[in-house]
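With these hints in hand, go ahead and build the complete structure from the sequences.
Chain order of the listed sequences is A and B. Under the numbering used here, the first sequence has 448 at position 337, and the numbering climbs by one with no breaks. Under the numbering used here, the second sequence has 613 at position 244, and the numbering climbs by one with no breaks.
It cannot be assumed that every hint is accurate.
Claimed, not checked - Here are the simulated distance ranges between beta carbons: (1) B:L651 x A:R396: 39 to 45 Å; (2) B:G511 x A:V427: 54 to 60 Å; (3) A:E313 x B:F427: 56 to 62 Å; (4) B:D568 x A:L408: 34 to 40 Å; (5) B:K466 x A:I230: 28 to 34 Å; (6) A:E307 x B:L376: 53 to 59 Å.
Unchecked claim - Not everything, but these chain B residues come out facing chain A in the computed CB check (under 10 Å): (7) I458; (8) K462; (9) L463; (10) V478; (11) S479; (12) T486; (13) L602.
Honestly, the hints are just simulated from the structure, not real lab data. Note that this is a predicted model, so its numbers are computed, not measured. Each residue gets a CB set at the ideal place from its N, CA and C atoms; glycine is no exception.
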Amino acid sequence: MKKILTKNRLFLIYSLLIYGLIQLLYSFSALNNYHMQIIEIALINIILATSLNIINGFTGQFSLGHGGFMAIGAYTAGVLTTLVWKVPQMQALPKFTLFILAVILGGVLAAIVGVLLGIPTLRLRGDYLAIVTLAFQEIVKVAINAIDAVGGPRGLLGIPRLSTFTLIFLFTLVSIFIMKNIIYSTIGRAMKSIREDEVASELVGVNTTKYKVMAFSVGAFFAGIAGALLVHLLQLAHPTMFSFTSPSIAGPLSLLTMVYIGGAGSLSGSIIAAVFLTVLSELLRLGIDSVNAMHILPFTVGPEWRMVVYAVLLVVVMLYRTEGIMGQREFKMLVPEEEEKNAAGGS
Amino acid sequence: MDKIFNLQQLINGIQLGSIYALIAIGYTLVYGIIRLVNFAHGDFYMLGAYAAYFTINFMLAQRQNPYIIFILLVSMLAGALVAFLSNRIAYRKLRYKPRLSALITAIGVSMFLEYFTSAIPAIGPSYRPFPQFISMVNYNIGTAYFTNYQIINVSISIVLMLILTYIIKYTRLGMAMRASAQDKDALRLMGIDLEKIIDITFIVGGALAGAAGLLSGLTYPRILPYMGIVPGLKAFIAAVLGGIGNIGGAVAGAFILGISEVFGYSINSIIGEGIAYAILILVLIFLPQGLFGKRTGEKV
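In structure tokens, the structure reads:
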């Protein structure tokens with residue numbers, strides 16, 4: 112334990128500072144509940160973007176199916192907290208224990224599905240894998256639509272608002288912590304070698320199948336957790352939220368935008384892009400509202416402009432900075448110390 | 370069984386398949402030459418539908434008779450123009466960058482076209498009724514019936530496909546297009562401008578998608594800025610199903626998909642939506658190169 116703490120000093124110190132600062136600002140009413148909700152969504156987006164980055168950025172398996180994993184986690188936890196755990200026998204346990212259990216179960220189920228999806232589709236590469244994962248995501252949507260017990264096309268209503276800022280922050284912290292440790296382990300190196308050259312890494316003895324499935328299951332696990340947290344924040348789970356065509360800020364398209372604007376292969380990049388895009392999205396919404404309120408234009412400006420700005424950002428970043436904001440670089444606090452020494456000595 | 374597998378569903382399936390086929394050809398052509406999954410292709414279809422919508426409404430307001438051929442040319446032109454511009458502005462610079470960045474850019478272009486169209490006040494994000502400018506006639510064959518819209522629809526798409534086949538098979542341009550799919554370096558040595566061929570490919574694909582937009586507006590008379598997403602994905606699935614890069618395969622895949630989807634919808638409206646995706650996953654698991662695709666070895 113002590114070793115873990117000393118090794119990740121910087122990471123822990125910075126995250127405690129951020130947590131303390133936000134709590135302090137909130138207690139002095141510098142941040143209201145609306146701001147807190149944006150911060151909470153940004154934190155969830157951090158989990159989603161970094162977990163997608165493990166699959167897309169670090170392992171180089173172009174997956175478009177993150178919404179499917181999110182939906183599985185979200186619906187599992189949502190069903191547990193709204194339908195299953197309403198029975199009297201469950202009331203003995205504290206509410207938040209049950210909630211944390213539900214979120215983790217959601218993640219586990221998503222990870223299992225990730226493995227099940229990973230094994231048969233591993234023969235496919237590049238665009239073919241992309242389209243199969245996209246198909247998986249749409250099939251999850253269709254399946255949820257077809258199950259009436261979870262609300263079908265109406266969505267799952269009446270989810271209690273159990274995601275608190277502290278809980279979300281804790282989950283985000285633990286997720287980033289686990290993912291960063293995966294990346295700087297043997298597993299992470301194997302994943303990166305698959306990204307650079309799959310055939311070559313297979314030839315030098317990397318079990319590519321194993322690591323590809325592992326990447327899928329890790330990504331799916333955290334996507335499931337984030338999905339579960341998200342629906343307990345919004346108090347609603349709806350199948351279209353997780354479909355490819357969803358324009359929502361935590362939708363699959365926004366997540367891809369976050370990963371590639373931040374830089375595929377950089378956790379720090381995903382974190383920056385998740386925060387930046389979530390805040391930008393809210394600012395654009397406020398901006399559009401205020402332009403409409405001023406009545407200076409002969410027509411009302413639609414909320415679609417938010418997505419137009421997104422799209423232009425994505426194209427411009429891809430054209431002029433193909434590797435994204437951070438490329439493959441990381442913040443110092445996310446890199447273990449010995450890794451840093453290696454990098455300094457090696458180059 | 371009799372209720373589900375009847376002639377009516379087959380007719381509707383062929384009708385849907387012919388729309389998918391026109392979009393799928395564009396996917397396959399572009400993929401064959403530059404290996405790009407152009408996610409924005411479904412939006413060229415949407416723009417074709419809107420171009421037709423505005424032209425027809427304008428002509429009706431001028432008390433002119435909108436001829437179907439003229440409208441078809443307008444929507445093909447709209448699709449071709451946007452395809453050409455998106456290639457020039459977005460994809461061209463990424464030609465020698467990693468293929469993934471071009472794919473992400475395509476997603477960006479697609480998002481841009483959808484949301485920009487719906488942000489324009491004259492179009493807006495809601496459904497619009499497509500004008501029924503030809504009076505509808507019903508024909509009966511036994512218990513099934515079909516409309517003159519469906520005849521126009523299927524015949525236009527067949528004519529377009531025949532023209533395309535002629536171009537690809539018998540003209541110098543088609544030869545250059547096939548050659549560029551095979552070997553780009555040899556093409557340059559022969560003194561053919563590759564960028565010009567890519568431009569033309571986008572124009573041809575965009576024109577076909579635009580035509581599909583008009584045809585779908587005729588038969589399913591509700592148009593929306595986001596209408597291109599789902600048919601675009603389905604058409605791409607059709608192209609993959611037939612072995613991407615293979616035009617005949619794309620057409621076959623589109624008809625298989627259209628017909629099975631209509632049958633799926635007749636069983637259950639929810640399952641029908643998922644059937645295309647399920648077929649795709651099954652085919653790719655057993656035949657990773659699609660139904661008619663060539664098996665190629667991985668180069669180390």
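Each hint tested on the structure:
With their beta carbons about 42 Å apart, L651 (chain B) and R396 (chain A) fall inside the hinted range of 39 to 45 Å. Taking the beta carbon of each, G511 (chain B) and V427 (chain A) are about 57 Å apart, inside 54 to 60 Å as hinted. Under the hint 56 to 62 Å, the C-beta atoms of E313 (chain A) and F427 (chain B), about 60 Å apart, fit the expected range. Distance hint check for D568 (chain B) and L408 (chain A): the Cβ-Cβ separation is about 37 Å, which falls inside the suggested range of 34 to 40 Å.
Our hint of 28 to 34 Å for K466 (chain B) and I230 (chain A) holds, since their Cβ atoms are close to 32 Å apart. Separated by about 55 Å at the C-beta atoms, E307 (chain A) and L376 (chain B) satisfy the suggested range of 53 to 59 Å. With its C-beta approaching chain A no nearer than about 8 Å, I458 (chain B) sits inside the 10 Å limit, and its interface hint holds. The beta carbon of K462 (chain B) comes within 5 Å of a beta carbon in chain A, closer than 10 Å, and the hint placing it at the interface holds.
Taken as an interface hint, L463 (chain B) checks out: its beta carbon lies about 7 Å from the nearest beta carbon of chain A, inside 10 Å. The interface hint given for V478 (chain B) is met, as the beta carbon of that residue sits about 6 Å from the closest beta carbon of chain A, less than 10 Å. Checking S479 (chain B) against chain A by beta carbon gives a least distance of about 8 Å; that is within 10 Å, so the hint holds. At about 9 Å, the closest approach between the beta carbon of T486 (chain B) and any beta carbon in chain A falls short of 10 Å, and the interface hint on this residue holds.
The closest approach between the C-beta of L602 (chain B) and any C-beta of chain A is roughly 7 Å, which is under the 10 Å cut-off, so the hint is satisfied.
Checked against the numbered hints given earlier, this structure breaks none of them.
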